[in-house]
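2 protein chains.
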Amino acid sequence: MMLGPPSLTRLAECLVRLPGIGKKTAERLALYVFKMSEEEATALAEAVVDVKRRTRLCSVCCNVTEEDPCPICADDTRDASLLCVVEQPGDVIALERTGQFKGRYHVLQGALSPLDGVGPEQLRVTEFMSRLKGSEIAEVVLATNPNVEGEATALYLMKLIKPLGIMVTRIARGIPVGSDLDFADEVTLARALEGRQKV
Amino acid sequence: MMLGPPSLTRLAECLVRLPGIGKKTAERLALYVFKMSEEEATALAEAVVDVKRRTRLCSVCCNVTEEDPCPICADDTRDASLLCVVEQPGDVIALERTGQFKGRYHVLQGALSPLDGVGPEQLRVTEFMSRLKGSEIAEVVLATNPNVEGEATALYLMKLIKPLGIMVTRIARGIPVGSDLDFADEVTLARALEGRQKV
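In order, the protein sequences belong to chains A and E. Numbering (the working numbering) for the first sequence: 1404 to 1602. Numbering (the working numbering) for the second sequence: 1404 to 1602.
Careful, some of the hints might be misleading.
The list cannot tell twin chains apart, which means a pair is met if one copy fits it or any two copies do.
SDA-like, lysine to any residue: derived pairs with alpha carbons at most 25 Å apart [what the hints assert, rightly or not]:
no., residue 1, residue 2
1, Lys1427, Phe1504
2, Lys1438, Glu1469
3, Lys1505, Pro1409
4, Lys1536, Leu1558
5, Lys1505, Arg1573
Simulated from the structure, these hints should not be mistaken for laboratory data.
Please model the complete structure; the sequences and the hints are all you need to start from.
This is how it looks when you write it as structure tokens:
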């Protein structure tokens, strides 16, 4: 792909496989690595290997962790009756950043997408259901993405949870804070109206 | 920065130092590395280290290379009377991709930028001047970027080369192919007019 020394080409070829990194960006990054100090490059390489070596899935919530159970599952101060279901580890990070959620999580490691060959067996649904049974969980918050796959996953899980008599909620979909009604698409606006609340 | 396992945070912190990689992208990439196979991650880490280990600057043209002199400098079929001066190794790659240039290169490894503390001593100007003296070079093409730093660098080099009686040219600045006159800024348009050619 790149007209340069083989080692640079090889690095660019590795980088272009990362999500959101195009050919040009990969080349630019590879050339930047060449300009890095020896220590910086080694630190980067070790950090990559370390992630693979040290992390695994938490046996309880299926989130990325270095210890098992993960710090969130091991934290006794968190509300064990509240369980938030998300698609990816990144979603847990995003929700934790709000500082608003004091329950625990379950990470599905994906969303239903028949076209991509992702059915319930490919997701951490079995683990999720066995967590619900005989537990003290009173509410499940479905926080899958508000897109086709996420909605389908939420619907599927809802049908599984309902018979257990556990309350199921879905995160609100509406106008993002700081944005403009003008720019919102009609589906989002419709959802915002539908989900309006008394003030 | 990131609320996750320490090894993930460490990788994200390494990645955020790369150009064009923001906090969110760094997190996303770190989580992607977690999802990579062991082999992919090792290949990436080794590619990073390899670039530092195998590459150096060509002693002739100051481009990135694994062999010294670099393949372009060592290629006897290339026109030794034509020398193209660029700022960065990436510029050589871009020019080589055109397949139009059959001369040799000199990579300055930067452009004059007094505000950033980059003077002629920080660039490969000494190497450049000693290449010119007593050589068969008949034309120097100044292919530094068409921005303030690049133009200043071109001007500076022109003044150095002129006394040697070598022809100096500057790459054409004008309307990019495929774009629209409407969208071009006035400076570019003025340059396009100025550099018009008989057809």
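Evaluation of the provided hints:
no., hint, result
1, Lys1427 x Phe1504, "between (40 Å within a copy, 21 Å between copies)"
2, Lys1438 x Glu1469, "between (32 Å within a copy, 14 Å between copies)"
3, Lys1505 x Pro1409, "between (50 Å within a copy, 21 Å between copies)"
4, Lys1536 x Leu1558, "within (19 Å within a copy, 76 Å between copies)"
5, Lys1505 x Arg1573, "within (16 Å within a copy, 63 Å between copies)"
Checked against the numbered hints listed earlier, the structure breaks none of them; every hint is satisfied.
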